Amino acid sequence: MTALMSYIAGVLVLIGAVFTLIAAIGILRLPDLYTRMHAASKAGTLGAGLLMVSLAFYAFDASVVLRAMAGVLFLLLTAPVSAHLLARAAYTAGYKPAEITSINELDPKAKSND
Amino acid sequence: MEHALAALCGVFFTVSIYMLLSRSLIRMLLGITILGNGVNLMIFTVGRLTREVPPIVPDGLVQPATDIANPLPQALILTAIVIGFALFSFLLVLTYRAYEELDADNTDTMRLAEPENPPSPPLSY
Amino acid sequence: MAETAGYNIDLPPAMIEGATAIADWTLVWPVALPLFGAAVLLMARKHPHVQAPLALAVIAAVIASCVTLMLRIADTGPVAMTMGNWLPPFGISFTADMLSALFAVTSSVLALVVLLFAQSEIEPREVRYGFHQFLLLLLAGINGSFLTGDLFNLYVWFEVMLIASFGLLVIGGRRIQLDGAVKYGFLNFIGTTIFLMAVGLLYGTLGTLNMADIAVNASRADPTTLTAIAALFLLGFGIKAAAFPVNAWLPASYHTPDPAVSALFAGLLTKVGVYALIRVLVALLPAMRIELDMVIAILAIGTLLLAPLGALAETNLRRALGFIVIGGIGAMFAGIAMSVTTSSGNALAGEGGGIGGAAVYAVHSMMTMTAFYLTAGLVERMTGTTDTRYMGGLYGANAPVSILFIVLAFSASGLPPFLGFWPKLTLVRAGLDAAEYWLVAALLVNAFLTTIACARLWSHIFWRNGREADQTEQPNDRLKPLSARALRWGLAPTIVLVLAIVGLGLWPSALIEYGRLAGVGITAPDAYIEAVGLAGGAQ
Amino acid sequence: MASDQDFSLLLTALAPFLAAFVAPLVVRFVGRYAGWVLGIVPAAIFIYLAGLTGFVSDVRPLAAAYPWADGFEFSFYLDGLSLVFGLLISGIGTFIVIYSGGYLAGHPHLGRFMSFILMFMGSMMGLVMSDSVITLFVFWELTSITSFLLIGFDHARQASRRAAMQALVITGGGGLALLAGLILLGYTAGSWNVSDMLNAPGLFEGDAAGLYLPILLLVLAGAFTKSAQVPFHFWLPNAMEAPTPVSAYLHSATMVKAGVYLLARLHPVLGDTVEWNTILPVFGGVTLLTGSILALRQTDMKQMLAYTTMGSLGMLVMLIGVGTEAAMLGAILFLIAHSFYKGGLFMIVGTLDHETGTRDITRLSGLFSKMPVSGVSAILAAVAMAGFLFTVGFYGKEEIYKIITSGNPMDVLVVLVAIVGNALMLVVGVAIAVKPFFGPAIETPLSPHEGPPSLIVGSLILGILGIGGGLMVVEFGDYFAIPAAQAMLGETIEGHLHSLLDFAYLNWALLTLSAITWGLGLFVFFFLDQTRALLRRVAEVWRWGPDQGFDQAMFGLLRGSARVTHFLHHGRLELYLILIFVLLAAATIGPLYGPPILADLAAFFTGTESQALYPLMWFGLSELTFYEWAIILIALLGLLAVVIGRTRLVAIVSLGIQGFAVALIFMLFGAPDLSFTQFMVETLSVVILALVMTRLHLDQRDSRVLEEVVRDGGIAVLAGLGMTMAILSVLSHPLDLRLSEFFEQTSVAVAHGHNIVNVILVDYRALDTLGEISVVMTAGIAILALIRIRTGGPKLGIGVPKKAGTGGSSRKSASARKSASTRSKSRAKSGKATA
Amino acid sequence: MNTVIFRTIAPYLVALMMVFSVFVLLRGHNEPGGGFIGGLIAASALAMYGIASGVSAVRKAIVFHPLSVAGFGVLLASLAGFASLFAEVPFLMGLWATITLPDGTEVAISTPLFFDIGVYLVVLGVLATVALALEEDDRSL
Amino acid sequence: MIFFIMTATLALIWTAISGSFSLANLLLGAIIGLIAMWVIRERVSHPGLSKRLLKIVSLALLFLYELLISSIRVAILVLSPRLDKRLQPGIIAFPLTAKSDEEITLLANLITLTPGTLSVDVSEDRKFIYVHAIAVPDREALIADIANGFERKIIEVFE
Amino acid sequence: MSPEQFLDFAIAVALGLLSLAMLLVTWRIMRGPSLPDRILALDMLVNIGIGYIVIVAIKTGFMLYLDIAISLGLIGFLATIAFARFVLQRWRIRTTNHSQPNNPEGEG
Ligand code: NA
Ligand code: NA
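The listed protein sequences derive, respectively, from chains A, B, C, D, E, F and G. In this text, residue positions in the first sequence follow the working numbering: the first is 1, and each later residue adds one. In this text, residue positions in the second sequence follow the working numbering: the first is 1, and each later residue adds one. In this text, residue positions in the third sequence follow the working numbering: the first is 1, and each later residue adds one. In this text, residue positions in the fourth sequence follow the working numbering: the first is 1, and each later residue adds one. In this text, residue positions in the fifth sequence follow the working numbering: the first is 1, and each later residue adds one. In this text, residue positions in the sixth sequence follow the working numbering: the first is 1, and each later residue adds one. In this text, residue positions in the seventh sequence follow the working numbering: the first is 1, and each later residue adds one.
Since the hints were made in silico from the structure, they are not lab data. Note that the coordinates shown come from a computational prediction; the quantities given were computed from them, not determined experimentally. Yeah, the Cβ is synthetic: ideal placement off N, Cα and C, and Gly gets one too.
Here are a few chain A residues that face chain E, going by a calculated C-beta distance under 10 Å:
| id | residue |
| --- | --- |
| 1 | 70 |
| 2 | 73 |
| 3 | 78 |
| 4 | 80 |
| 5 | 84 |
| 6 | 85 |
Whole structure, please, built from the sequences with the hints as guidance.
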């Protein structure tokens, strides 16, 4: 393992951790479910993905790199689907977006019962 | 380390018992889950803790090179987790069926097997 | 490794060398065969007609294996078979002494009877959804509990038994079953969890799980800690055994499933708790058991005195029987409580002491109460009710069932010359020898109250012509005769079982001798330890 | 010991049982003659025993023993006492069996009856011939069981059932005490055999002295209940609910005398002490007076006889209590005489009842011409009962009155009581012999005529025997009474019975006492109606007695049982759980902190300084890193979230937090497999929860009120604290890691696996895993059964009625139908969607 | 959960998870994993398949009733134990054989492996049973 | 075709995660992949995406770029002290040009993964994706952004 | 700073950040207010956990933790869709029963 890899891994670790923390802060600060989802499914995924990449750099071994890549792939495959399903379910079930939501083109055709 | 976890186990037991004493079957199920976690943590703790070194013999070695975590409690806990999970699943479905058939939110009202006002024994011969 | 007192690990001695005798497999079959059979039956779930015959064949093989095992133990002492490559205490060993074998034989035979009886009442959908599989798995769990020589493994078999009993309990799908199952489920689950806690703590104290190894090492550990652990075992097994005051689950659930299932439960399940208690407290942790002597005696007296009151108060036949089952548990606990006091040395005092009495009592209770529940099933079928106040008139209506019932009533009450008398005699004898007069008094009062309760059941269900609830002596016109199916599969096996009970009551010497051997084996577990191969480590 | 005699003794005891098994068949095949056929069995026994008379009384007792169980023997012993009882049982038994055949001719349950009565006979035979006290006890209890069945024979009537229950409760309860007494006695004597006890002098000297009184009281409890001594007497008159043959047999000759037999048998072992000589005469005397007085109150002849039987038992107990040579000889003579006349009188009353339809003495009169044989039998019996000259009873009475010569004031009292008792019983005998048969004929429910031979032969022969025995009193004494009395006394008795005609031995003083007895008796007889009226008036004022007390006790027991049971088994799950958790706290805190706490309490009360400091351990908190603390904090927050979760739904979602934290803890401390599994299981649990819970009401809040929160919380905290203490206590000692070290050494080398945990699971402890997957498989089957049995399948099996009271079956089938149809619909829909 | 997005992507995810589950199963003897975890992952995959595409699709996909699969798992595990019978060694003793493939790789075949596969099948079968039964039940209501 | 490609992909992933590239392991991976594919055989029915590798790569690069950029954008938004002022959330209906399930799914997922936008639902007639955006200053610009970015590239991949 | 020191520093800081992130997300799970909010936060917690595990893998050098992280990604996804399904089904059952007005916020 070279020193460079260690530095790269360290930086990636820090960036990944920061993104993750930001996602957490977003979850805490944003006003409604839908906006919070933006933080969670992006910054969160990115954070976890970056950490996996940093592991790949740290280990710098084919099997670990490939596994880390597979892990990232899994994350990218699953994250949007779960976000979509949750958002759709929540919306369908009548969880309203926050008041500040400027336009809502889903509303007129909404399947909700109000 | 063990002492802090021992205290944590105590909290697990406390919470699980508190949940188990609520008359709601769902809360009791949550208590069962927490109880299981508490027991597992307890077995883990009394098997003594070793930080971060899993009981896996590195490739190419015949015996672990360093002190490793105690593997036996881990195996026991694994078995216990699986068994606990199976029983939890059963109790969950049982609860579900009990809700359906007995319509009981409150175990105090589930009195089919032990009726509220049981008949007195006949005073005759 | 230097500080692992007394053990010097060299690889070869810790591992099995040489071939295993086929005979040792007699320890394995009683557990492995039912598991295997259950798996096969599960795969054949689309073929209901093969379920019962296959289960029958498996149980028959299990009985053969258990009997062989028991005879061998009677002949040569405890038998151990190590699983896998690893000698105790490193691997799991199945170890059977007379107590294990006696219980395993009884359980397996009763499982066979119940299997036959079940054919008289079981519905096709119950077959389809696993009745026979549950039965086999229950048997595997029970036999595993009796035969294992490893404490954690005992926990595993407890759970096998528990989940199989859940299955049997709910399989009819009636609402009352669900209610009973909820109480049974939660309380028993917590009981086994407490058992698991105790196992965990014991491991943390002694660093071993093998029973013989525990027995060897227990004296080295801190007695205060071990006493607390033993108290946890007592609580966990007490729940399992339905001892006062933690027995509420039994009367709450045993009357809810099909009678065959009730019978199986009544006969077998609580006895596993008693077995475990004897094994762990008396054989493995004798010093702690002495510490807890008073507690066990109080539990025993409480159970002995309160259980028959329940039987007196109940109008639900099977619930009343449940209380009689509990009373028997009290007697077994009394036997455990007595076992501590050293014998007066009187030549007439039986060698097996309280444990021998408890063992024989357990066998009696298994057989008698199973048969009693089966008979109750027939009674319920004829009267169409579970409430004794709505029964009546069976004395004239069905002579065989009357005879079965009265014999079982007297056997359950412990009246001679029926089977129940002998364990009572042994226990009273042991109690008087040990000067445990309160326990003896409680045993006798229990027998007295149980006699009244049983006689009242007899009087209301059989002698009384009319239904008590109708306040009439006019003959009960709602009785239905037993169908051909009920006669062949229900009545016939019950008669055979009751004949066995009568026979054992008249010729009890073998049973009592085996009980004596069991008691001796538990109170002086040297042979057990030696069979496991740990004799060298004894302090 | 000759082995053929061994076997014949065994057969003597067991033959009635064998006969009992075939009795129903015999009844089926020979019908009305069953009594005659089955009577052969007791007759044969009688003949066999009679043949042994000389041998046993002159040479030595017979014995036979077979090993039974655990040091107990099935052993028999035949000496003079046993022989007398055996002859009475088999002899009278023969008549009873014959009598029963006639009395219950055509009864649908005659077979059962015969079976029971033969079993009873066998039990009595076994009882009196037992050597081992355990054998004795077995037969003792068998008599209780068979008499229960016999008394309740007329089972359709509540009174019968009540009487049977009473008899079982009283005699059964006494039997239990007896068991304890006999075992203690065996321990003291060092042998279970009565024959050994009899030959072991000074049993209760030294260490065993303290055991004497307990043993005596326990044995007396058995004997007094069985022999109906006050205050356990009331079951005996009530037992007259049984058919008359039962009364004649059980309550005259045999069962009630089991207690007397026992006392007689054990007198050499337990007697001759202050306690014995006090307790027995007092109870016996009171019983004698009570029985004989109460007998006068009755008009039902069976009741009259029952009360005099009770009185007679009192007399016998009193005499055995006195325990002198005269008392014993008097007792045995009285016993024999009583068996003869009481058996006969019962049979006569039964015949009267059978033929006239009533047994009320005030409603019968002038039957002698119609029932002459019965009348003669009655007179013979009454003469014997009165102890008139030349009867066995007379000699017995003389012996009894001889007690007075000891000069002991207590013995004077005994004789006085005996005189009163004898006189009053005489009244009853005379009344039954005179009132129904003589005087003007009156209308009876049935038109009376003499009974068939089976009904009259027994009483007649017994009546003749009562006189005949007296006429040949010397031989009678030598063969029967004196050997028996010797056995009772435990000493040799010189033959001193002399015929009345042998004037040299005539004792005028005793004869005077007899005369006083007769005079008193006849006096009362003439004022019988007035006496009865007086006694009844007393009874109206003094209503309460042990008989009513029995009902009150029984119903009180039932009510109490119901209260206790409903208190303990209330059906409220959370209270059951509270009990368990309180015990959990006690199980941990008790052993760990109980002793120091108790020591402190003691120190507090004794004013000394506290010795024990609670060994609360100090936590090594600083050992954890900040990120480990963070995980623990998350676990705590997760637990808190579950507890405070306002609704169940919130609690469920919060549940994930603590499971997640536990998984991370596992990971941090070197348990990747655990961590892995914990994550998976936690998630899967949530998935299944989510699948299941859509239909449940999850919005409800915790319904506990504040007190319940405090109570539950307190219990939870205590139990949690206790468990923490237990863990800390375990942690305070080093752990022996030899198992794990072994695994580390062999995992790769032998088991070919680098992951030691997995190797443990599939190799070292594969059996655990096998059990574990069985649990999983079973859970799967059970869950499927739970879900499916409701919705699928046919409702019922092949003609099996599911029990009533389950309710909701129609509702269930409706919902099943509905769900089945919707399911097929949804299947179609999803099929479309996938297409 | 009848959405285009999920329906489209689910099968691929399921396939991925199945592969991954076998991977976890097979490496269990040397690294974290093993039959239980593998079985859990596989069952999760099937559960997801059921949620996305309906129960009947899953039932069709796995051909055997999942409970039979579980039964086969217990059967396999016990057979792995009974293999000892023929080697005259105690029940459940680990027996090992090494097979050399044409390309020179050595593959170890052992009874613990079959035992672990048995565990895998049991967990897979039972969880699939439960999930499918519940899913079916839910749709019927 | 897709069946084969998927199986091969799975086999490769297998070798990746199991960390051994031996022929035997590849074969084992192929077998396992085949079994896995067989399980889902009913649900995989679309013809090939074989020759579009280049386009796929270009799509992936675009996606990674977008992911990074908008992640930073969202991060800044989240951390900004006057959050409520800068938020202008809204749900817009994005008119779809893409037709097949695969295209729609891919587009929706990419939209979701791109910070600032989130696919909530697809209309039943598959004409719209409803997109929740964290800041919608200009609705048309947003739609154009997606249509010219991800959607175009996706259609190219699938054409 | 040597590469090792830097890496150790980065790991320590990252663990701190992730711990903080977990606590924040935990707070959201506890606060709600709505069910999907909690589900979302739980999903996020799993994501953070994945990162945490990866960091521990780097810290300890045991690559085997990576597999746990990967599986967690797959399985956490399943939990989220199960919950999403739960939200949807519950709403369906309620609206088909018409028994109570749809008030999702009220249930926490
Ligand atoms: Na996400
Ligand atoms: Na995710």
